[in-house]
Amino acid sequence: MAEKKVYSKLGEMLAKGEFILTGELEPEKTCDLSHTIQEAKEMAPYVVAANVTDSPLGIVTINSLAASHIIQKEANIEVIWQLTVRDVNKLGIAGMIMGGHALGLRNILSLTGDHPNMGDMPESKPVFDLDSATLCMLVREMVDKGTINGYEIESPPKFHVGAAANPNSNPMEAEVLKIGRKVEAGCEFIQTQVAYDLEKTIEFLTALKKYNIPVLLGIFPMKSYAMAKGFDTFVPGVDVPKDILAKWKSIKNDYKTDKSKQKEMYDQANYEFFNPFITELKKKELLGGVHCMAVHYPRIFPKLIEVIKD
Amino acid sequence: MIVTTKKDFEEIEDALKSYNNIMLIYCGTCSVTSQCSDEKSVNEMLENLKNAGKNVVYHQEFKEPCDFRQDLQDWRNVPQEALDKVDAFLILSCGAGLQAMLDLFDRKNIAKPIFIGLNTHGIAETERIGRFHVKCAGCGDCLLNYTGGICPVTSCAKGLMNGPCGGQLDGKCEVGKYEKDCGWILIYERLKKIGRLDLFGQLRPAFNWADRGHQKSVVFR
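Residue numbers (this note's numbering), protein chains in the order written: chain A, 830 to 1139; chain F, 881 to 1101.
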């Protein structure tokens, strides 16, 4: 078998089969990225790379290509550029992929993207010329063959491409089969939606084993009770377990007057929940790593890295 | 059938604002089923035009306005004195109906404007009168053999080619607040039922738009 080509630190770690931690950065509706860059700097020592989101929930934010480039450069962190097929057609995306390479990006997460109808410009034309699988195909053609539609690219881009999966998906079989399409299309790693249900996650990850692809489990350490409650209420398909909500609520109430202790207790509670969860999946050899979506909560990373290294 | 709905009269009135003498033409086929050019709808339109101060010089059903051959026949019944008087035409039909009439107007040297009174939604199944479901996007490259007969272009809000997105929740679609079915889960269930889940795992290329779109005609003779 030909040796796998490596274009980034993420690609290198995946090729080595190391257990890795990735983070997530969510630029907002602003042209000033200083807050996101600060967050990126804080997580940089702990993660292999960090995702930069592409207008999640269809709510317009600064363009993810521009943000990825600036964050990678300013924060000295490797970026996984989230690229949705929602807003740009195949021709445009092919151009963006070359542009992304020229700007120093080397990892793409191929995503469908939330429908514009969900966001703050619902009148926008939903493009979806490609889907998350055919975007992987396009990246692979451009990178591996150095062509677009068979036409040669003078200096082709170099990228690793990953895709998303949802362990909470019902029916699960449909999701597993869809991931099969993405793997066949050339996707090299999977980052999952947030999971809290251990049994269901084991079942899902076991079903993915046949694809022989590293899966990074999505986790969402919760910075506060408000964050946990909001996540439970507003993120479709994700139910934060009731005992977690109760625990976070008690931390909120018990340490009202001592904010620094409250922070410490939240961090500890996250550790106590995620440590056995991840350890169990790791023990079963179902995971290639963890993708932490603790947006605006970079102080959790030193604690999380203990879990990863355990 | 082609499903249509009525435009707000205000929009029609705005289009007709520079014209007083109107000829009303209405479809005798699909738009009747859509209850947009049936007797009641035509009477309602005549009343609206009258109330807006318009003079309806003549009105007539065209059996199938989208069929140029049929239009040539139906045109024979239009009286010359109405044509002498008319300032503008209003048609209750789908968009193809009006545009076939333009060809007829060219043939007959009619240099008068024609306006549309309906909105066209697509090629639909009639469940019953008043309940129509757009099922076909007329892509010109039918995928139904791979999807158990359910069209991913019309049943998936994103028209995806390779299975459900992360926006499906328990078989419902994120678009429309999880009230409508996810098209790809319908496809999955259908393929499972007929023992063809192998098709559900099959990677499909992106839709080929190269032959789509611009002034498309089907000409085989």
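If you're looking for bench data, these hints aren't it; they were derived computationally from the structure.
Wrong hints could be hidden among the right ones.
Unchecked claim - Taking lysine to aspartate or glutamate pairs in the DMTMM-like style, the calculated list, with each CA pair at most 20 Å apart, reads:
| # | chain 1 | residue 1 | chain 2 | residue 2 |
| --- | --- | --- | --- | --- |
| 1 | A | Lys1038 | F | Asp1078 |
| 2 | F | Lys1052 | A | Glu1002 |
| 3 | A | Lys987 | A | Glu841 |
Hinted pair lysine 987/A and glutamate 841/A, Cα distance within 20 Å: Since the Cα atoms of lysine 987/A and glutamate 841/A sit roughly 13 Å apart, the hinted pair holds (cutoff 20 Å).
Restraint status (C-alpha distance of lysine 1052/F to glutamate 1002/A at most 20 Å): holds, 16 Å
Proposed proximity, aspartate 1078/F with lysine 1038/A (alpha carbon, max 20 Å): Since the Cα atoms of lysine 1038/A and aspartate 1078/F sit roughly 18 Å apart, the hinted pair holds (cutoff 20 Å).
Checked against the numbered hints given earlier, this structure breaks none of them.
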